[in-house]
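Q: Sequence:
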Amino acid sequence: MAGYRKLGRTSSQRKALLRNQVTNLLYHGKIVTTEAKAKEIRKIAEGMIALAVREKDNFETVTVTAKVARKDENGKRVKEVVDGKKVTVYDDVQKTIKKDNSSRLHARRQMLKNLYTITEVPTEAAGKKRNTKTVDITDRLFEEIAPKYVNRNGGYTRIVKIGQRKGDAAMEVLIELV
1 MAGYRKLGRT SSQRKALLRN QVTNLLYHGK IVTTEAKAKE IRKIAEGMIA
51 LAVREKDNFE TVTVTAKVAR KDENGKRVKE VVDGKKVTVY DDVQKTIKKD
101 NSSRLHARRQ MLKNLYTITE VPTEAAGKKR NTKTVDITDR LFEEIAPKYV
151 NRNGGYTRIV KIGQRKGDAA MEVLIELV
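If you count the sequence shown from 1, position 19 lands on 19 in my numbering, and the numbers rise without skipping.
Think of the hints as simulated: they come from the structure by calculation, not from any bench. Treat the hints loosely; a few may be bogus.
With a straight-line cut-off of 25 angstroms between C-alpha atoms, the simulated BS3-like cross-links for lysine-lysine are [said to hold, decoys possible]: (1) 76 - 86; (2) 99 - 113; (3) 133 - 67.
Derived DEER-like restraints, expressed as beta-carbon distance ranges [what the hints assert, rightly or not]: (4) 30 - 106: 41 to 47 angstroms; (5) 67 - 121: 27 to 33 angstroms; (6) 158 - 20: 17 to 23 angstroms; (7) 105 - 66: 19 to 25 angstroms; (8) 89 - 140: 33 to 39 angstroms; (9) 170 - 68: 52 to 58 angstroms; (10) 30 - 82: 57 to 63 angstroms.
C-beta: ideal position from N, C-alpha, C; glycine also.
Produce the complete structure using the sequences and hints provided.
A: Next up, the structure:
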């Protein structure tokens with residue numbers, strides 16, 4: 001007996017389907033899919049949440065000095081003439097960043113193997129590249145999802161049967177984060 005369901009697809013298609021569904025589950029919190037797909041999604045999603053819970057506090061905050069170009073009121077870089085050349089003016093800025101420890105970095109990379117990047121498009125700028133932003137799902141796992149499940153030992157998802165789909169009578173379910 002195989003250790004996983006093949007879902008009637010080639011391995012590359014199956015991997016892409018599961019990556020997409022797991023990403024959407026973690027982004028939206030719940031999705032509707034077939035029962036067989038939901039059981040496969042559950043395995044991957046619960047493993048990633050368990051990894052996030054384990055590595056939740058494994059970072060250190062570091063203060064870094066960065067050079068940032070000075071900008072005028074229009075958002076353009078300020079330039080001044082030095083030795084006959086136009087040179088951009090830079091300011092030193094102190095920033096506090098979170099630096100992952102090695103095990104958390106490894107966990108983040110393991111999660112990224114099973115997730116796609118999500119690009120959020122505001123409703124007023126639909127169809128335009130401007131004002132879009134990418135959402136870091138791994139950060140969401142560490143910052144929002146993991147703290148909810150600290151005192152829980154597994155069982156981070158719930159599968160609720162909805163009924164049969166009209167077209168092919170496949171059992172549809174709602175899989176959601178508890």
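Q: Now look at each hint and say whether the structure bears it out.
A: How the hints compare with the structure:
1. 76 - 86: holds (14 angstroms)
2. 99 - 113: Satisfied, since the Cα-Cα distance of roughly 20 angstroms is no more than 25 angstroms.
3. 133 - 67: Given pair residue 133, residue 67 holds - Cα atoms ~23 angstroms apart, limit 25 angstroms.
4. 30 - 106: 41 to 47 angstroms: About 29 angstroms separates the Cβ atoms of residue 30 and residue 106, which means 41 to 47 angstroms is violated.
5. 67 - 121: 27 to 33 angstroms: holds (32 angstroms)
6. 158 - 20: 17 to 23 angstroms: Since the Cβ atoms of residue 158 and residue 20 sit about 20 angstroms apart, the hinted range of 17 to 23 angstroms holds.
7. 105 - 66: 19 to 25 angstroms: Roughly 21 angstroms apart at Cβ, these two residues keep to the hinted range, so it holds.
8. 89 - 140: 33 to 39 angstroms: At 37 angstroms between Cβs, range holds.
9. 170 - 68: 52 to 58 angstroms: Holds: the Cβ-Cβ distance is about 54 angstroms, inside 52 to 58 angstroms.
10. 30 - 82: 57 to 63 angstroms: Since residue 30 and residue 82 have Cβ atoms about 58 angstroms apart, the given range 57 to 63 angstroms holds.
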